[in-house]
Structures are given as structure tokens and as C-alpha cells.
Amino acid sequence: MNIVVNGQETNITDGLTISELLVEENVKMPQMVSVELNGQILKRSEFDQTVLKDDDKVEFLYFMGGGNGAD
Amino acid sequence: MKPDTIAVHGGFTGDGVSGAAAVPVYQTVSYAHKTAQELADVFAGKTPGYIYTRIANPTTTALEVRLAELEDGIACIATSSGMAAVTSAVMGLLRAGDRIVAATGIFGGTVSLFETTLKRFGIETTFVDVADTRNFQEALTEKTKLVFVETIGNPRMDVPDIPAIAELAHKANIPLVVDNTVTTPVLFRPSRFGADIVVHSTSKFINGHGTAIGGAIIDTGNYDWRKGAFDDIRQLSGRVGQLAFLVHLRNLIYRDLGGCPAPMNSFLMLQGLESLPVRMLRHCENARRLAQFLQAHPKVSWVNYPALADNRFHARVSELFAGYGGGLLTFGLGGRREVFKFIDSLRLAKNMANLGDAKTLVIHPASTIFHEFSADEQRGMGVTEEMVRVSVGIEDFEDIRADFERAIDKSL
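For the record, the sequence lines run as chains D and Z. Residue numbering for the first sequence follows the numbering used here, beginning at 1 and increasing consecutively. Residue numbering for the second sequence follows the numbering used here, beginning at 1 and increasing consecutively.
Derived from the structure by calculation, the hints contain no laboratory data. It is possible that part of the hints are untrue.
[Stated by the list, open to error] To give an idea of the chain D side of the interface with chain Z (calculated C-beta under 7 Å), a few residues:
#, residue
1, Glu-36
2, Leu-37
3, Phe-47
4, Phe-63
All values reported here derive from a predicted model rather than from experimental measurement. Note that CB positions come from ideal geometry on N, CA and C, so glycine has one too.
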């Protein structure tokens, strides 16, 4: 099954949940990642129940700063 | 996971190194990266990583994830205090010329921020009584950019109709900010009732032991920043979607104001959260019993506890908080002289400016928290000379009752 992860066409195992995708894609710092599915940020309680479908668009977003202002 | 389980396990599954079962305290200012390129990528936001504890810290991240989950929100920023949470959230949204509509009965510190400090920066607030929701509608103008309420105003103990206020805020395309400090997600999840941003003073029930100051801002995901009334956040949402408000805070307002929590304090909040569901129900049970005891006492002139059957907000408490009234109550006793005598005669309850502690706390609001306001202003905020505020602790109820009974007898 093909989905788009962070803008890249990606082949994944059929029927994966978001939690399983985080493992399969070896996502960095999975505790801290926010997941956007087709434009909607998922709540963490939805990670286990949300099953991915063909052509889904997934963005992994980190919410830890960056940009200017650190000393 | 159910909320009581999230309170214990949320935000942490191990440090991946030692097997530590408690969240480690990352007592560090900054974070070393292996290569110059890696740190450059973290700064550019291309790769996840920590930079500097004023912006983010792993102990604090665990707290933020746990609080976001408990509040059924999309993400959270923890702050150095409840006031830092309110200040960051409000300054992240508003500019000079914008207006706030806020409930009259909110915490005195927030009133001071809105009425005095923010006024210096050109932001003005209209305060309205929550008893009639139409007051909010009437106060909205084209310049209003947010509505602010507390779940139970303190010390008025008034309860706003949050679903109705959320509806009218959304019709005006502005967010509703709800301070959930005194109810906590154990009694009430504002996200389920239309709130857009939830703020907390975590120093209170969440910490639960009076050992650390802290706060939090949670985005519930209900407000669509992509269509919102805030140009800079709308623009940012093109890149980060619904996280835009909190990214805007993390990368600008929160970062610049510097209201980050100490890592040790984040640890203490995480520890407090673990027992919060158990403690909160005990606070409510003891408060209800104390309210009933005081109501039946001939020397007590009045009792204000929203879960009492004859309280004017009883129906809202039943609808919103499953009938729980929280751990705070106020009551009237003679005048200032009698209240002082009562407080001086207590042996168990502590006389101090805090609430939400495991210990029972009392205070005379008129001469302390609200001392800088005039008598007229105090009356508007529901503060009177004969008022005692009680934050009912989790001690054995009979010991609390005996302490109050003895001190009331000595006061009159």
C-alpha cells in the first residue's frame, strides 16, 4: 500500500495503524512527534485506532523549537 | 488508555538507556550534538532535537505530552507558572488595539494582568458576569479577539456555561480560552465542550503538594487556525497546520518571554499527575461534606459551594462536571474581626495564599489576594469582608470538621 510521508511516496505494510507506522518508519523521538493525517492533527489517543488507507498523506511534525533565539 | 492510566504513564515509556521507571530530571541548560550539520538541521527545524531548555527540555516534554493527552488536546507547552501560561497564550494572540471579554470572577492575578499590565500595551478587557451568558454576546465587539473564562471562578465560585460561550465565540471566529486549574481534566475536559485553548496553574491540584510553581497551555484542536482571526498564525498554519498557534508560541512568544519551567518542577508536576485522579475525588468529597457541615452551623452566615443542591450553579455543575464541585468553597462568618479570630484559632488548616494542596488551606481574600483592589472593586469580584476561602484538603474529614468547629466556636 502506498501513502505519502512528509511529501515522499512511501510503500508500507497494509493495514498499519499510526502507532505501527511510527515503528515501521523508525520515526525519531516518537514520544514527541505530532502526526498530521490528511491535514488534521491526530490526538495521541487516536494513534492506536487510526488505520492508514491508500494515498493517505502523513506529516510528522516536531514541536520542540528551532529557529532563532537560543543562546 | 483511559485518563487515570494516562495520568500515570502518559508521555513516558522509558529513557531507552537505564530502564528508569520515573521520568529522569534532565537538569541541563543545553544539548550537545554530534556534528555541526546536525545542530544546524535542528535549528532549521529539519530534524528533531533539543537546543536549549528555555525552548524545550525532555523532562518538560514528558509533562507536556501527558497533559495534552489528559486534556484531549493536540499539544501542550508547559510554563514556569500559571500566570506565565496566561500571559504567553494571550500575548501570543493579541496585539495593541485588540480586546478581551473575560469573566468577572476570575483569579485576581489574571484580572491584574488584563486590567493593568496588558492595558499598558494597548489591550483592553471587558469583564462580564457569567451568570447570564448573554452578557458575553453583548460585550463582543469587532475588536474582541478572545474570550477568557475559568471553569469555576474564584472566589465567586461561579460557573460559566462553557458550551454556550464557545458557540458564540466561534460565531465571531475567535477562540475561547478556559482556565481549568480548579477542576483539572479529572472533573472536566474543556476540549469536549468547545474550548479552544486550555490553561492551567499546575502549582495547584496537579502538583498537589504545594512544592512547585508551574503552568501549561494546551491547544484542544477545536479552533481552525487556518481560517482564524490571527494573520501571523494563519500564515504559519500553511506550514505546520493546526499546530500553528503552539509553534508560534514555542518559536517566538514563549521563547522570547522566557517563561520556561525548571526541569525539576516538571518532574514534580509529573509525579503529582500520577495521583491526581485519586486526590481530586477526595478533595471533592471532603469539600462537599465541609460545605454541608458549615451550612448547618448556626454561626455561619452563608456557604458558597457550587455542588450544593441549593446553589445557583448546581445545574451547570451537574451538566459539566458530573456533579462534582471541586475542592474550593467560601463561607461567611461575622466580619473581618471574626474571620481573623477563626483563622488564628485553626490548628490543622494552614493560613496561606494557595489552593489545591493535599493540606486544607484557608485565607481571608479581602485582606490578602485582593488587598490592592478597592472595596467597590472587591464587591464586583465577589469578595467581602466576612468571606473565608477554603481549599479543602485530603485529610480525614473528621479532623477537618473538628478543626473548623473548634475555630468557629472561638471566633464568635
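Taking the numbered hints from earlier one at a time, note which ones the structure violates and give those numbers from smallest to largest.
-> Violated hints (numbers, rising): 2, 3; every other hint is consistent with the structure.
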